[in-house]
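Asks: Now that you have both chains on their own, put them together as the hints suggest.
Chains as they are written, first to last, in the numbering used here: chain A, 1 to 456; chain B, 1001 to 1081.
A couple of the hints might just be wrong.
[Claimed, not checked] The calculated lysine-lysine pairs, modelled on DSSO-like cross-linking and capped at a C-alpha distance of 27 Å, are:
no. : chain 1 : residue 1 : chain 2 : residue 2
1   : B       : K1013     : B       : K1028
2   : A       : K50       : B       : K1081
3   : A       : K283      : B       : K1013
4   : A       : K283      : B       : K1028
5   : A       : K10       : B       : K1013
6   : A       : K431      : A       : K326
7   : A       : K10       : A       : K321
Keep in mind that the hints were calculated from the coordinates and are not lab data.
Spelled out, the chains give:
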Amino acid sequence: MNVQKHAWSKEDLARRLCHALDIARQALEHLAQEGYTDPEERGNSVRPEKLVSETAFFLLAASTAADCSEVRERIERVAQLLIPHARSERMLLGLCLHPALALDYAQAHICLTRLGFPDAGFDALLRQSAGSQARAGRERVPHRMLEQEWITAVWENPGPASHLRTPPAALDSVLNQPMDLLNGSREDIYAFTHALMYVRDFNIRPRRLPRRRAEILAEAEAALARCLDEQDYDLGGEVLLGWPLTGKSWSPASVFGFRVLAQVEDRAGFLPASSTRLARLAKLEGEARTCYLLATAYHTAYVMGLLCASTLQAGSAPPLKLPTGKSTAVQGSGTLVLRFLDADKNKDADARSGHWRGELEQLTYPERDAIAGLLLNIALRRKASRGEFDALRELLKLAYSCGLSDTPAASQAAEMLERLATYASITGAQKAAAKSRADVGAVGNPSIHVTREIRG
Amino acid sequence: MSANSNRHQEIVKRLLDSKAVDFTAIGKTVAELGPSLAVADEPWEGFCGTMRRFIHVYQIFNPEVPVEELGGLAGVSGQLK
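In isolation and in its complexed conformation, chain B is listed as follows (with noise of 0.2 Å):
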């Protein structure tokens, strides 16, 4: 599992044992728009991870997680060509 993986999950975990998410409401809301949400067609909503989102409990966007060694990613910038 990823360095990223693992910080999430410790993120995820420090969250379930907060008990501050409500799954039950959480779970109600979904059922009712849900299904008019799966269908809705509107692409931009991610664009550069500006536009607002609708739900964001089980993952936080980028926990400032470092990049990789650098020689590392050099072994394999040679696909990027």
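Isolated chain A, as found in the complex (with noise of 0.2 Å):
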């Protein structure tokens, strides 16, 4: 079969990232100076050197889709207007004061020097203050110090022989062991993108990874189902990442979450944040209408931007028909589980699934089975965040019956459901031992106790 026949347009991925750079030329004209202060939601605020480095973050990732002639003068455009603000006399006084933060300080002028824009008085200064007593005083967890070894690596250049290396922030990192796939925070799963971008390094000197790609991307996967499920479109698009940045190969429900990312962006003109909303923009005129758009949207524009140009290196394409041969799901699974979703009654988490739920309106029946993992990674995360436990047991049986209990966070809810037996005896145990002394056996059905107690 011939792969890249079957593959996205590289001409649509190349557009999408194009239009995210020129978003990114708006927002370092409207914002670069003065940041963004938002009065009625602080939220949405944004530090010009937060802008100025994820721009140039952007810029760097997307230099590896720099043969596309669109996209390189658009890099070039960007990488001018930036450059005064990555070099800025703040910038410098921050290289004086604050050695710890050196590299922080000095990440735009990083990438703009491996972009082809070198600064040989703002370098010297780095090093003057990367090589103070002071460098290494600021104590920072793995996935920021992976960061600071990617700069620092971005900064020195060093040869292709050096770039196998797992990075040792790596192993104490989340890439190297499991997320908490049913309550962790968000900021867990920024952790975990990050983490990997960082040790990838988009492909330009990729490090191996700490585990198998294999046992990342199932993690991954439960995730993106998260993400699409809360229309976090912001992380989705990071965690999508995961693929490209990590193999050639894309998994049904990554292709799924690619095409309800590239539906959304199509009909809203950009893929959106919540943060954007309509109600401010129809209050707001001129100028201050320009900075609250490009303030809120700016980040998710930029993290469609990356992914596309990841998709654009060689054979990263993700495939324009979900892959059907592999599945190891039952037939017939994709319509037990939706159904299982559509006996929900909650309505917020109804409206809020509605993107990837008329995206899957399109699949058919084979593809939706070729989901089904991804659609019970939905549901296990719903059940648990709400604390239906009874249901959450009748999703395992449901996934054991379809052949899709040999997932993590399958296997994280049968742990979960299991110490909330123990918890149900325990505390079942300590109420019937207050009432009488001669009836401490009797604890009961630990599942009953489970939702009476979690729900109190």
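Replies: This is the structure in structure tokens:
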């Protein structure tokens, strides 16, 4: 089979990347000097340094697709806009005063240098700062340590022989141990996606993963399910980077996820985040309106750009059709899990799931079976987060009968039910003892206690 | 007021009603540490929301608010060219 012939169109991926680069240009023009301060929602505020660093990061990733002339021209244009902000007096002073943050202050400079825009003066001060006594005087979590290692590697630009080793910090990161797929935080998924980006260096000088690709991507699928269900496309796009950054093959769930994001981007005109609110836009005019729109939209647009840049690398484009050949799910399992989800009476969840449901309607039944594991992950996450443990148990039974139980999320759900059964036996025993010392053994059915206790 | 703000207000009200937040203790700590924290120039703490934050009482980020209706967003996307 000619893989490229059946892959997503390169022209379409390049078009999406160019759109993100155009948004980067606008974001720099309007926000790089002063940043953005939102008086109504502090979470929308953007510091100029954040925008400058993220734009440089995005340009470096986009450079892997620079064989496309339209992409190359845009990178050049945005880089020229970025240079004065990346090497401003404020950044220079940061190197002087905060040596433990030297690489953070210099990230944009380092990325620009790698892109072919060096600056000897800035580099000299950076070497002074990075060689100072206090250079390591900040303790960091593993994925932030990986970021420091990554920036250093980009700066030092080592030879190809040094690229294979797994970075030491990766062994301590969430890439090397299972994420909490049922009750983990959004920040946990961020740690996962960022660690992956730093280890794989956008396939420029990728280092070895600390675990097998299949294990890491099985967890990524559960994270992707959550992001799609919560319409968190910013994080969902980062999770999808896991496939092109670690190999050439795409799973049915990841192809489905990519299609959902592309469809949402096409319908909205950009990949949106929930922070962009139409009511706020309607109240704003002129520069204030433009700045609000850019401040709330640029990051998710960059993520779509990162994703498309990665998929434009040789052999990395997702297939147009969902691969159905390797599915271990029994026939009809997609429909069965979907029926379980449809029995969910929570209207909020139904409303939130709109976009992926629309894409699902386009699939054939064999394709639905191929993503039955993704649907199961959505259902497991919903039930666990709401404390509906009886339903969780029913769901696991269904998963077992459908050949879907061999997934990290299902396994974690089973472990959770076991822990809750222990909890129920302990608390049940304590209550029984309090009532009557003679009746210590009458604990009852653990699963019934579990539900009552947790719902409280 | 936006859907996001409404959701935040609801969460804040529940937190206040629960009396789980000791504002007197927070006020004392802020009074002690606030001046030095306010002038600390460390812009990297919020990079992609992954770094630590010192005080996070009033707002919960991304309380599962769905994105706006896509057709409405398409109407404003012309500004992102």
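Asks: Take a quick look at whether B/K1013 and B/K1028 sit within 27 Å of each other, Cα to Cα.
Replies: Measuring from Cα to Cα gives roughly 22 Å; hence the hint holds.
Asks: Does A/K50 pair with B/K1081 here, judged by a C-alpha cut-off of 27 Å?
Replies: Holds: A/K50 and B/K1081 sit about 22 Å apart, inside 27 Å.
Asks: Hint check: A/K10 vs A/K321, CA-CA at most 27 Å. Holds or violated?
Replies: Holds, at roughly 15 Å.
Asks: For the pair we were handed, A/K431 and A/K326, check the Cα-Cα distance against 27 Å.
Replies: violated, 50 Å
Asks: Do the alpha carbons of A/K283 and B/K1013 lie within 27 Å of each other, as the hint requires?
Replies: Roughly 26 Å between the alpha carbons, so the hint for A/K283 and B/K1013 holds.
Asks: For the pair supplied as a hint, A/K10 and B/K1013, is the alpha-carbon distance within the 27 Å limit?
Replies: violated, 50 Å
Asks: Hinted pair, alpha-carbon criterion (27 Å max): A/K283, B/K1028. Please report holds or violated.
Replies: Judged against 27 Å, a Cα distance of about 38 Å means the pair is violated.
Violated hints for the displayed structure, listed by number in ascending order: 4, 5 and 6.
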